[in-house]
Structure formats: C-alpha cells, structure tokens
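Keeping their order, the protein sequence lines are chains A and B. Using the working numbering, read the first sequence as starting at 1402 and increasing by one per residue. Using the working numbering, read the second sequence as starting at 1402 and increasing by one per residue.
Source of the hints: derived by calculation from the structure; they are not laboratory data. Only a predicted model underlies this, so the values are computations on that prediction, with no experimental measurement involved. One or more of the hints may lead you astray.
Where chains are identical, the list cannot tell them apart; a pair therefore holds if satisfied intra-copy or between any two copies.
Heads up, simulated PhoX-like pairs for lysine-lysine below, C-alpha to C-alpha not over 20 Å straight-line [what the hints assert, rightly or not]:
no., residue 1, residue 2
1, Lys1597, Lys1671
2, Lys1407, Lys1695
3, Lys1539, Lys1651
4, Lys1539, Lys1591
5, Lys1622, Lys1654
6, Lys1607, Lys1671
7, Lys1730, Lys1524
8, Lys1640, Lys1591
9, Lys1728, Lys1607
10, Lys1453, Lys1679
11, Lys1654, Lys1539
Protein chains: 2
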Amino acid sequence: MGELVKVAVDAMGGDFAPVEPVKGAVEAVNENQGIFVYLVGKEDVVNAELSKYTYPKDRIQVVHASQVIETGEPPVSAIRGKKDSSIVVSMNMIRHGEADAFVSSGSTGAVLVGGQVIVGRVKGVERPPLAPLIPTEKGASLLIDCGANVDARASHLAQFAAMGSIYMEQVIGVKNPRVAIVNIGMEEEKGNALVKETFPLLKANKNINFIGSIEARDIPKGTADVIVCEAFVGNVILKLYEGVGATLIKKVKSGMMSTMRSKIGALLVKPALKTTLKSFDSSQYGGAPLLGLKGLVVKTHGSSKALEFKNSILQCIQFKNGQISEKIKEHIADNVAPAEER
Amino acid sequence: MGELVKVAVDAMGGDFAPVEPVKGAVEAVNENQGIFVYLVGKEDVVNAELSKYTYPKDRIQVVHASQVIETGEPPVSAIRGKKDSSIVVSMNMIRHGEADAFVSSGSTGAVLVGGQVIVGRVKGVERPPLAPLIPTEKGASLLIDCGANVDARASHLAQFAAMGSIYMEQVIGVKNPRVAIVNIGMEEEKGNALVKETFPLLKANKNINFIGSIEARDIPKGTADVIVCEAFVGNVILKLYEGVGATLIKKVKSGMMSTMRSKIGALLVKPALKTTLKSFDSSQYGGAPLLGLKGLVVKTHGSSKALEFKNSILQCIQFKNGQISEKIKEHIADNVAPAEER
C-alpha cells in the first residue's frame, strides 16, 4: 500500500450535515484502506455523530472549526469573514499540504470562491470550471463548466475542454475521450458568438479528441464524453436533466397507479424498474470536481446522502494517483500559454 | 359563423411531406368549419395526395409552387433565390392579405428569415421570437425565444416577455400568465450579464405578471406560464427536454423487459402508462408561433405528423380572432417604444 490519500470532509455542509457526511466518511475508510479522512466542523457535534460507528480510529481525525458558512451568504464576504468555518479551515489544509482533497456539500458559491482564493489556481489556468458527471444511456459524461464562470470567454472554454479531457481519461478511465461543444445545430457555422469563437480553438488542439458540436437532445445518448459549455448553459443542462427526470418518473408512477389493472402490474414491474432507473441517478457518481486548482476540491449536491459522500471521497484516490493537477499544469503550459500573453 | 380563417400550409416541408401536411389539412377542415386551407406546393404531387381523402372541396385549394427549400440550404440565399418555393409563395400570400397564417415544418432558418423579410415585423418589434409550448406537470408553458435570435439583447428579451404573455393569455387562455426569466439561481443578483440587465426591465413592466427567476429544474413543474430566455439557452432547453424524455422512456421500457416477472407487469401497466405519458408529449400542442410578425407564422417540428399539422392549423383561429398581432402592436407602442430610441 502506498501513501494514504488525505481527504478533508466538510462535516457541517449540506442539507443532512453532520449525519450524512460523517456516515459517508466512515463508509469510505471502511471500504478502502488507502483513505484518511479529516472531518472538519464543530468538534462536539462531529464527535457525537462519529461515536455511533465502528471504524479504524487511525484513519479518521476530527478537526475543529467553530463557524459554518450558510448557503444564502454572499460567498466572497463569507470566505473573507469566517476564517474558522469548515470550508476555510479545510481549504487551508490543502494549501498547507496537510490534505490532498476537500469534499463539501456546502454553499457552492463559497466553495468556488474559496477554491480560487485559498487553494489557488494551477499556473496558466484562467478559470477553474465545475465539472459534474451526468448519466447517459452509455454511462456518464462530464459536463464542463457547470456554474463556476458565467460569461466566460472562448479561451476559458478551450481550457475547460483540455482539463475535462484529462480528468475523464485519468480519473474515470475513458480512453481518448470524445470532446464536443454544446451547440444549437451540427454545422460548424451554427451557434452564438462564443461558440463560433471557441470552435476553431478546440479544432486546433491536437491533444484532445474533438468531435465537433453536440445538440442538447444528444447529450443523454452519450455521444460525447466531455461536454463543453459556458456555465450558464451548463447549469441549465444540469438542472433541467434533474427536473425532466423527476417529472417523468412522477408521471410514470402516477400512470401505474391510475387503474386497478396497472396497480397490479406496477407491483411486478417495480423491482426491475428500480434497478434500471438507478443507472440514471447522478448521485452514484459522487460530486463535481472544481478543476484547475492546486489541490482537489469536490462539490457534492446540497442534498447528498452518505453514498455520494463516500463515492466523492473514494474518487480522490484516482485524482491524486493520476496526478491530475500536475497533468493539467503540463497541458496548459504546452497548449494554452499563448492565450495568457494576449 | 364569422369570416373563414385562411391558412397556407407548406405541403412540401418536413420529413413526411406531402403525406402528413395534406392529411392534417384535411382533418382540420373536416373538424372545424371556420378553416380554409391553401395547400402550397407542387400541384401534381399535392393533388395526387389530396385525391385520397373526402373533404369539403370549397375549403381546400391547391396553390402551385414549383420549388422546394431543403433543410440544409443557407436560409437567406434560399429565401432570395427560390421565389417560387412553397415557403416564399405562402409568405407572400400573407403579405398580400390572401392568407391569415402559414404553417410549415420545413427549414427553420428559412421560415425565420422569410417571416422577417417577407411577412415583416410589427412596428416597434425588434426581433420576432420563436415560442413553442412545452409540456409540464400542470399543462404547458411557453418557451420564448427558442432559436430565432442568438446573442439577443435585454430589450429583446423584455419584448419576448410581453409578446409571450399576450399569446399565452389570448390564444392559450391562461389568465394573467406568470412570466419568469431562466436563471441559475433564485436571487435577483444571480445570473449572467444579460439576465441581470433584463431583470429590472421585466420588473418595471406593469402589463405583465413577472414572478422573477426560474431555475431549469422547476420548468417541468409548471411554476411559470411564460419562460423567457435567450435563443441559445431556449434551444438547449427544448432539445434537452426531448432528449432526457426519450432516454428515460427507453430506460423504463428496458427495465420492464428485463425479467420475466416484470414483462408480465409491463403488459398490465402499458395502457395506463401510455395515456399518462401522452400528456407529456409536445406534439399535441401544435407548432411554435413566430411572434411579432404582421401575420401568423407557425413552425412545426420537422418530424410532424398529421395531428400536429391539424392542431397548428386550428390554433390559427384563436390567433386571428384574438387579434394577437394588433395587441402586440399596441403593447409595444405603449411600453417598449423608448428602447427603440436609444
């Protein structure tokens, strides 16, 4: 066994803290001997929760942080003002080399701002994108950027494509991942000003497998592995995925309950259906990495349960062993450096 | 019975022309005595198709157009070059007052360009948006703009909101429709530059019932009746709706077929499920109007069947009787005129 991968977990963030992050941390260390978890939050609260479980005591340590950043708080002033919050304390641990990664389901804004100002960007990276995996018919695709940088420029999107490609290959294990840009048509001349400016930059990058435009209707089919878009569009895609899915499942359920005949059928169908629909549930993939930082920062859903925390923690192993930050640094130095000099 | 509503139908446009547009036209005149249809296209082809049906001969007339604009053709040169195409001939009929409306499932680009340059905009309207109805849990919402104007400005979006509101109230019959802008958070300070600039314009318009931002995840819940967004985002929403829906239905079907037990259940569930899922099928609503023109132009899906043509044709009655173009003209003159003077 090599060196332990040290993950700081925000024990105070999200709708179900501290119960679910603590449970997820325990499950992660019990499942994988290569993981060490720092549970960051109010000591007494976290210890009380942790005392319910059996786990290797030498691989979970509670780190006290007296403050909590709430979801509604303006991110910049929260990060500046609450120096002893679980988010700021955890990020400082990455900065000082005490932790390799940070997993939080707390305020997205605070995690994004903290990632940039405390953990810091890899040299040459203009904007760090948030990149969740979304379920498709064939498995999962990386949606990048998904809320970190609205009104991004073409050079930013070109870097997103490169970083997403490295992540998908090294962490998720997709060989030569297909990279596509979200567009409103398949032809090269289609699109808005941003897409038209980005398209040739992606085409010119010989280190990525750029396959051209992808229309939104083809995203769920899994025709691309890395789906590049500006953050506003990415956020709409992520949330609509969730919304249409929830509404359709509700429709299917109410349809099954509408007649006596269908109610009997529903009982027979239910177990098989549950298994299939689970493959279309994004929580199985863990959280979304914020790429291009000097350490790994993973944002999980606000409503994350233990499974998502566990998967997010385990994901940090591939990230560290794959040397993602180092590879992003090399790639950016090789390819996108000229953009910096403009 | 009042005056007949005269609808020109593109008999050559779409994947299933001339079969489906001709069938839809016949069904429309058979169902509603207030409709008169001009079937525009190659005379011999259309007549051959039409001869298969029984219908009131005095309410369908074939109008010859020797050319067809293909989907792949660059729209501007197609409209300029093919003066005797079904699209150009039909639009000239609106321009000259011979038809009230035009229904086409041909090239979207050509329909948009033709609408602007041949039918012409209502005075004061800066950009005519394409506004399809999308299914929700509660019925349907109008998504505006959905592909006509990428890189739109805030003043355009403000007009879309007003036009969409008039259409939803007068044609679809929703009293005091709730208008929302697509955003990546609910707070007023969230959003990209365009949304931040548009928000106060919508808030200031006392003639619409503006309820603020809507996140993409809430669109399928039907929490707003008129959903305002820029065309690139609208196009992504429309197509992702379709894509996620198709993939999930496929998953449900394969889940049902995965075990012997579930196969039996599927037989019992199927009829009830079919009825429920039909309520989430957008083709029942007919096509998308291109608003803000001097006459009505309706774009239906390229893959439209007779039902969608029929519904699109019947929709023209409310549009004409509701005097939508006149109401848009009045509203624009009242409210958005200052934007013109900038």
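Status of the hints after comparison with the structure:
Proximity of Lys1597 and Lys1671 under a CA criterion of 20 Å is satisfied in neither setting, with 46 Å inside one chain copy and 45 Å between copies. When the C-alpha separation of Lys1407 and Lys1695 is checked against a cutoff of 20 Å, the pair qualifies only within one copy, where the shortest distance is 15 Å, while the shortest distance between copies is 66 Å. For the identical chains of this complex, Lys1539 and Lys1651 are inter-copy neighbours only, at 12 Å across copies versus 23 Å inside a copy, given an alpha-carbon limit of 20 Å. With identical chains, the CA atoms of Lys1539 and Lys1591 are never at most 20 Å apart, being 27 Å at best within one copy and 34 Å at best between copies.
For the identical chains of this complex, Lys1622 and Lys1654 are inter-copy neighbours only, at 15 Å across copies versus 23 Å inside a copy, given an alpha-carbon limit of 20 Å. For the identical chains of this complex, Lys1607 and Lys1671 are neighbours neither inside a copy (47 Å) nor across copies (50 Å), given an alpha-carbon limit of 20 Å. Proximity of Lys1730 and Lys1524 under a CA criterion of 20 Å is satisfied intra-copy only: 7 Å inside one chain copy versus 55 Å between copies. Taking CA atoms no more than 20 Å apart as the test, Lys1640 paired with Lys1591 passes between copies only; the shortest distance there is 15 Å, against 25 Å inside one copy.
Within a single copy, Lys1728 and Lys1607 get their C-alpha atoms as close as 16 Å, which meets the 20 Å cut-off; across copies the closest is 54 Å, which misses it. With identical chains, the CA atoms of Lys1453 and Lys1679 are never at most 20 Å apart, being 29 Å at best within one copy and 49 Å at best between copies. For the homomeric pair Lys1654 and Lys1539, the shortest alpha-carbon distance between copies (16 Å) is at most 20 Å, but the shortest distance inside one copy (24 Å) is not.
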